[in-house]
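**Q** Take a look at the letters that make up each chain.
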Amino acid sequence: MGDNDIDLWVSEIKRGVIELCILALLRRREMYGYEIAKELRSLTSNILAVEEGTLYPLLRRLNKRGLLEQEWRIIDGRPRKYYRITDEGVLAFERMKKLWFSIIREVNRLLEGDYL
Amino acid sequence: MSSDEAMKIIENYLERVRENLPNGLDGDIIEELRSHLLDMVYERGGLTVENAKWAVEKMGDPVKLAEEIAREEGYFGGRKKRFEITIKWGDKSYRWGFELSEDLMDNLFKFITYFVLVVLFFAVFASATVIFAYGNFSEATSLIWRAIWFMISAVILVHVAMWVFSELGFEPSKKSGKKPIVKKVIERREIPLKPRPSYAKVGGYLVGGLFEVAFGIFIIWVVWRILNITFVSRILYMSLALALIYRGVVSFGKAIYLALEGVESVTLDYISAFSALIMVPSLIFINLYPEQLQIPILETNGYSFDEEGISKIVDYIKLVNIPVQYLTIVQIIALLLIVTDIVYILLKTTIYSRAKRSSAINRLLKRS
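Protein sequences, first through last, are from chains A and B. Residues 4 to 119 in my numbering are what the first sequence spells out, letter by letter. Residues 893 to 1260 in my numbering are what the second sequence spells out, letter by letter.
For the record, the hints were derived by calculation from the structure and aren't laboratory data. Even for Gly, the Cβ is constructed at its ideal location relative to N, Cα and C. Fair warning: there could be bad hints in the mix.
[Stated by the list, open to error] On the chain A side, residues computed to face chain B include the following (Cβ under 7 Å):
no.	residue
1	32
2	36
3	55
4	56
5	60
6	64
7	84
8	85
9	87
With the rest of the complex left out, here is chain B:
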């Protein structure tokens, strides 16, 4: 029915406004805008598709409208939050505020948790490696602390990069250009309506991709320089490096797609999942020949980071075979990882197929 179609245009418009409003700000204003749009439409002659299109065009760009409203509520740029401190001194009060991307705010808690976990994990892993190498822990303390500080700096750098991207206003949704409002709103129906991806995600994908590629190359460099490594171990670490580089490259693709299209690429997300399959052959080898698995440990006796630098650290990496009593556990873990990887890919395939099937293009085709 024409009135249903007209209402859908209005609701799609309101959805675009809603998804660009900060959390908690959407209910009241959406109701008000709906009432206004309906008033416009009825004054013009009734709830028809033509009147609905006219009304949303008159109302203006939904993203800009949401940003204006959010700005008046103390949210800057529509997706940023303002934090203010007011200090009262006698009769005077001093206000100081700063803005932080709401997308980063959402991630702040995750950042703190992730930051603490990464540092803790790294510290435990590094300490265990050194102790397991029968080295003297105190001699390696300086190196471990440097490594921890490097990790802290790297994590902060990632988030600063994400903040810079958001401050530069790098907003994928602005790439939609000067299309008529109603066309933007109608075309939005071709993909499932979902919350607008944060522009900080573009930075996250880029920086994450950079780290994955860099770490993968580092692993290849280390493995290549170690001569007495077994075939199984070489396969394992090279697969790991390849999987990281693969994921990193796909992350760059995801960043570019998100920047250009304003939405996440379902296909690239699916392609990224295949990095898990890269590990499967090496895991099969480990399951069959667990005694050939070697783990790298750092024997830092005599190593001085200040004198020799990071490049010489490879000379202090020693490969250790798994003790016999742990071989069965290794086989079980390898088998579990193989099963996990395969199940993961199957699940991703199902999700991807569903996402493609439920696209509005198919819905439109079915309707016609």
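Same shape as in the complex, but just chain A:
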């Protein structure tokens, strides 16, 4: 498996996780797009830094599924679209978080040799 394959694997894992992280951030407070990208970078030491071009399709996906809602506001004279998690989004987030911890636990068990 070459470096390219590893990079692809990493980006696929990140892609799956970023949605959960976005919901986690918005669970705390509402944010606009740039703020979400910035928080993801700083809170995860750049490991889960999302590419600018990837963020907005993801936000639209979550919005389309009804997990987020959005609102335009004028802040300092500039229009910004703020995202807020919906009740359905909170439910989905809680389920995804639970599943995530299960997956992590089982993968860790496998890697640490508990199955062997």
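For chain A, the structure is supplied; the task is to place chain B on it using the hints.
**A** Using the frame of chain A, we list chain B on its own:
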């Protein structure tokens, strides 16, 4: 000013995203992306050209971004629309969907109109030809129906070909290669920004060109086999065939250019217009010698398509001179067509000159 130049880079980038988004999807997301790019730029130190270039590079390929966004909105491939039918049966619901190129969608209404008009026109023309030949209409019915079905099949074939091209993802804009994003965006200023041409157009030009060339060759074949044709008529039909073949060949050129460059060729479009001038000499002859004009009619008495096939149909084509009482009308029509062709070329020349003059290369030269 540097900040104006920086803003232009951002706006050009957003324009590239916008023109690759399906209709109706562009306003909201463009505003959001603009806000994001400005946030990136200001956090980096301000609205400078360097920061703007960095920001658009970080944002990524505008075409891919537009496609990703459109996909999330239910548009596949960025330029396709998804049609879904949901059938609810009790508690269960069944969804079935298919994708259709949005470019074809835009053309769908035109296709239906064009399809109906072509078939109607052909049916009327064929019927009038047969009746005018004093033939028995009922005997020719089978032939006319076959011809109509052929036309229907041909029109459907053209559009299936266009759909296949779009499904294969034959997208001219992808040919721009791995240039840095900012270079792609800046270079875009060298040509007027306009909506990205549909890749279905490549198929349209190819198939249209094929039909024009084929039809032109068919006319030459028919005319060559008819012996008792006047000089004026031969000139007219050969000019028509030549004009069709000329247009067909230029259409192939337009298809290749569009596929390779991702934009329509203004020059080839202008060159294509000259097919109108090919008809002018023959129209002048018709105006001077209208009595020599012959029109082909099909006398199908005794003709059996099943037994003799299409190649023998030429033997049943009869040339008829225009009745004397209509000669003046023919002259007037020929004159009007000459004037129309010349005016058309003049207009095309003006449009072409303007398009060339207003290119951003000239603008850049003027600025420096």
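**Q** Against each hint, give a clear statement of whether it holds in the structure.
**A** To see whether the hints hold, each was checked on the structure:
no. : hint : in the structure
1   : 32   : 18 Å, violated
2   : 36   : 5 Å, holds
3   : 55   : 5 Å, holds
4   : 56   : 3 Å, holds
5   : 60   : 4 Å, holds
6   : 64   : 5 Å, holds
7   : 84   : 5 Å, holds
8   : 85   : 11 Å, violated
9   : 87   : 15 Å, violated
When held up to the earlier numbered hints, the structure conflicts with 1, 8 and 9 and fits the remainder.
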